[in-house]
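Protein chains in written order, with the numbering used here: chain A, 1 to 278; chain B, 279 to 651.
Read the hints as simulated data drawn from the structure, not as lab findings. There could be a bad hint or two in this list.
With the Cβ distance kept under 8 Å, some of the chain B side facing chain A (calculated, not the full set) [unchecked claim]:
1. Phe303
2. Val304
3. Val386
4. Tyr398
5. Val406
6. Gly420
7. Leu423
8. Asp589
9. Ala606
10. Val627
11. Leu630
12. Val633
List time: in silico SDA-like cross-link candidates among lysine to any residue, alpha-carbon distance up to 20 Å [as the list claims (entries may be wrong)]:
13. A:Lys176 with B:Thr288
14. A:Lys176 with A:Glu166
15. A:Lys176 with B:His286
16. A:Lys176 with B:Val290
17. A:Lys176 with B:Arg284
18. A:Lys176 with B:Phe282
19. A:Lys176 with A:Ala165
20. A:Lys176 with A:Leu193
21. A:Lys176 with B:Thr283
22. A:Lys176 with A:Arg102
23. A:Lys176 with B:Met292
24. A:Lys176 with A:Tyr164
25. A:Lys176 with A:Pro192
26. A:Lys176 with A:Phe191
27. A:Lys176 with A:Thr187
28. A:Lys176 with A:Phe103
29. A:Lys176 with B:Asp285
Using N, Cα and C, we set each Cβ at its ideal position, and we do this for glycine too.
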Amino acid sequence: MSGAPHRRRRSPRWLTYLVLLIAAVFFLAPVYLVVVTALKEPAVIRLSTAWHLPERWHWQSFSVAWEAFSSGLRNSLVLAVSATVISALLGSLNGYVLSKWRFPGANVVFPLMLFGMFIPYQSVLIPLFTFLRDVGLYGGLPGLVLTHVVYGLPITTLIFRNFYAEIPDEMLEAGKIDGAGFFGLYTRIVFPLSISGFVVVVIWQFTQIWNEFLFAVTLTRRASAPITVALAQLAGGEAVRWNLPMAGAILAALPTLIIYMILGRYFIKGLLAGSVKG
Amino acid sequence: MRRFTRDHLTAVLMLLPSLIMLAIFVYGFIGQTVYFSLTDWGRDPAQALAMRPERAFVGFENYARLFSGILESRFRQDLVNLVFFTVFFMVGTLGLGLILAILLDRGVAGEGFFRTVFLYPFALSFVVTGTVWRWMLQPQGGVNLLPTYLGMPQGEFAWLTSRQQIWRFDWNLVPSITALVVAVVLLAVGARAWRGAHRRRGLSFLVVGIALGAWGLAGGPGVELLPFPERRGFNLALIGIIVAAIWQMSGYTMALYLASLRGIPEELREAARVDGASGVQVYRHVVFPLLGPITLSAMIILGHISLKIFDLVWSMTGPDLATTSVPALLMYIRAFRANQFADGAAIAVVLLLLVATVIVPYLWTSLRGEVRR
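So here's chain A without its partners, still in its complex pose (with noise of 0.2 Å):
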């Protein structure tokens, strides 16, 4: 293209910032509408009215939606927390082992592994709802954290691996030299490494938990269900006026949110993470 005119068309400013505003407000009006019909009194929500602010406000909703949610949420954060933890610490060690101390089938045994991560769970739904009955896990917040840890097992294992193929051979090899074994190497040279490992995968696991459903409303029963199987119960009965749910819906999304707003740059980086070369 030589004898092209060199001009350099570009859309002006102001369409890009409009779009942009455009897009903000799709992406923030279910915040505006939900904020507003929590507020309302449940007499005074219309469907006609629906955008309109409140009269009054009204923070009651909130304390109800507490007394309503709080065992749902309770369950959750014991939940998230405990499967976070165990999942991230064994990612540890498996990454630990899969980029440092390679064994013959390493290649066969780690792709194998992340294909778990992609199943549809429904495809090992039935076998673990009568495996959970038969060892007496059925039901309760146990049998719902030993899923998760298993099923976390290949993501948090694929974010500790890149994150160690990182960390130079050499630091290991002076360690060995130092006579630090399999432990030692661990502790001392790996571990103090993973600071930042850990933040990415213990945000992304308690968000992928927090806000887990299938597993949860298969697996527990109602003493023991998470937020996310009370919220779907109560949105789903007619009878409720919208007020309740929408104060509910923000009680399930505090907690990620607040991770998210504080944290998120760490968590780009579980999301980038979770496209298997990272």
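Place chain B on chain A using the hints.
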């Protein structure tokens, strides 16, 4: 290979528990599901929930019923729903994510703000998103009211309850259509291999592709699903769910695209501009080709999320509305509401096969490159 020391043994022993767990929970359980799908488990209600149920082997009967049983029609509509959902969800999420990334990449004031706003839905659970959008999409309120604030008449669309169906086709055409789609993929892959010095492999792909295509064009002789035409199509009630899913996930593709746009050296674009390329041409000839790999990764991730979609549908239209149902939801209902475990298992295996056709080649290619390194 370095020497296999005692520490290597310790390492393997430390990995072993995880491996055993995954071997049981992934491969063992999948094997069991496949076995269950070939039995009649659940047909006798007395045996369904027994601790040691009696299960009789029935071969592929359950699958045959799902795809061509006269009384079993929900699964087929669910599958059609899933295909339409996946296509629109992927196109919408990739498209919106790409547009937002390109705009942000031009260097705007308040980039951090926009990025945060576009990505925050990704931190939410599908249940929260579903609950919120169910309220947004009430026919007499929410989104339908917005035109009135601009002086236009209220929107009339019954987002989640519409019974309208468009683009209808005969279910009996599905084998031919599938064969044609697979044939096109095989021909593309084969042609590429042929051009790139893998003549042998390319040729075999081409031959199989042509044979399959011919079979499809001939109307799929030898396979009859139903003795009568069965009309299936795109249920408009799905649009609302697609919109909510795009709202939740397009920040994710935006982040992926923005990361790889930032990775393109400025010199490359500058060189193209010096050669006289306009802004649009720079994108077409320089930037977009470089976004190929990340688009593929994003498609894989989105595709497998889409094939598994379950909680979003549940929380927007409930588990029982047939117009918006998907196989993942039907599997749950069959197995855990109706105790039809064999049916549920068969649906699960179909889902697994769908996901595997997407994931296995992806894992294969991306890890093969890594091992060589």
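Results for each hint:
Below 8 Å, beta-carbon pairs count as interface contacts, and B:Phe303 has one with chain A at about 5 Å; its hint therefore holds. The beta carbon of B:Val304 is positioned within 8 Å of a beta carbon in chain A (closest approach about 4 Å), and the interface hint is therefore held. Checking B:Val386 against chain A by beta carbon gives a least distance of about 6 Å; that is within 8 Å, so the hint holds. Nearest Cβ of chain A to the Cβ of B:Tyr398: about 6 Å, under the 8 Å cut. The hint holds.
The interface hint given for B:Val406 is met, as the beta carbon of that residue sits about 5 Å from the closest beta carbon of chain A, less than 8 Å. Evaluation of the B:Gly420 hint against chain A yields a held restraint, the C-beta minimum of about 6 Å falling below 8 Å. Look at B:Leu423: its Cβ gets to within about 6 Å of chain A, closer than 8 Å, so that hint holds up. At its closest, the beta carbon of B:Asp589 sits 4 Å from a beta carbon of chain A; the interface hint therefore holds under the 8 Å criterion.
Checking B:Ala606 against chain A by beta carbon gives a least distance of about 6 Å; that is within 8 Å, so the hint holds. Hint on B:Val627 holds. Least Cβ distance to chain A is approximately 7 Å, under the 8 Å limit. With a cut of 8 Å, the hint placing B:Leu630 at the interface with chain A holds, because the nearest CB-to-CB distance is about 4 Å. About 5 Å separates the beta-carbon of B:Val633 from the nearest beta-carbon of chain A, less than 8 Å, and the hint is met.
Between A:Lys176 and B:Thr288 the alpha-carbon distance is near 15 Å, which keeps this suggested pair within the 20 Å criterion. Between the alpha carbons of A:Lys176 and A:Glu166 the distance comes to roughly 18 Å, so the proposed pair stays at or under 20 Å and holds. Our distance criterion of 20 Å between C-alpha atoms is met by A:Lys176 and B:His286, whose separation comes to about 13 Å. Of the pairs offered as hints, the one joining A:Lys176 and B:Val290 holds, with about 18 Å between alpha carbons and a cut-off of 20 Å not exceeded.
For a cut-off of 20 Å, the pair hint linking A:Lys176 to B:Arg284 stands: about 13 Å separates their Cα positions. The hinted pair formed by A:Lys176 and B:Phe282 meets the criterion: a straight-line CA distance of about 14 Å does not exceed 20 Å. With a C-alpha separation of about 18 Å, the suggested pairing of A:Lys176 with A:Ala165 holds against the 20 Å cut-off. The hinted pair formed by A:Lys176 and A:Leu193 meets the criterion: a straight-line CA distance of about 17 Å does not exceed 20 Å.
Under the criterion of a C-alpha separation no larger than 20 Å, the hint pairing A:Lys176 with B:Thr283 is consistent with the structure, at around 12 Å. Straight-line distance between C-alpha atoms of A:Lys176 and A:Arg102 comes to about 16 Å, which keeps the hinted pair within the 20 Å bound. Proximity of A:Lys176 to B:Met292 is assessed by CA-CA distance (about 19 Å); at most 20 Å being required, the pair is judged to hold. This hinted pair checks out: A:Lys176 and A:Tyr164 have alpha carbons roughly 17 Å apart, not beyond 20 Å.
Note on A:Lys176 and A:Pro192: the hinted pairing holds, with a Cα-Cα distance of about 17 Å set against a maximum of 20 Å. Restraint check: the Cα-Cα separation between A:Lys176 and A:Phe191 comes to about 16 Å, which is no more than 20 Å; the hinted pair holds. For a cut-off of 20 Å, the pair hint linking A:Lys176 to A:Thr187 stands: about 13 Å separates their Cα positions. A C-alpha spacing of about 18 Å is found between A:Lys176 and A:Phe103, which places the hinted pair at or below 20 Å, so the restraint holds.
Between A:Lys176 and B:Asp285, the direct Cα distance comes to roughly 11 Å. Compliance with the 20 Å bound is thereby established for this hinted pair.
In this structure, none of the earlier numbered hints is contradicted; all agree with it.
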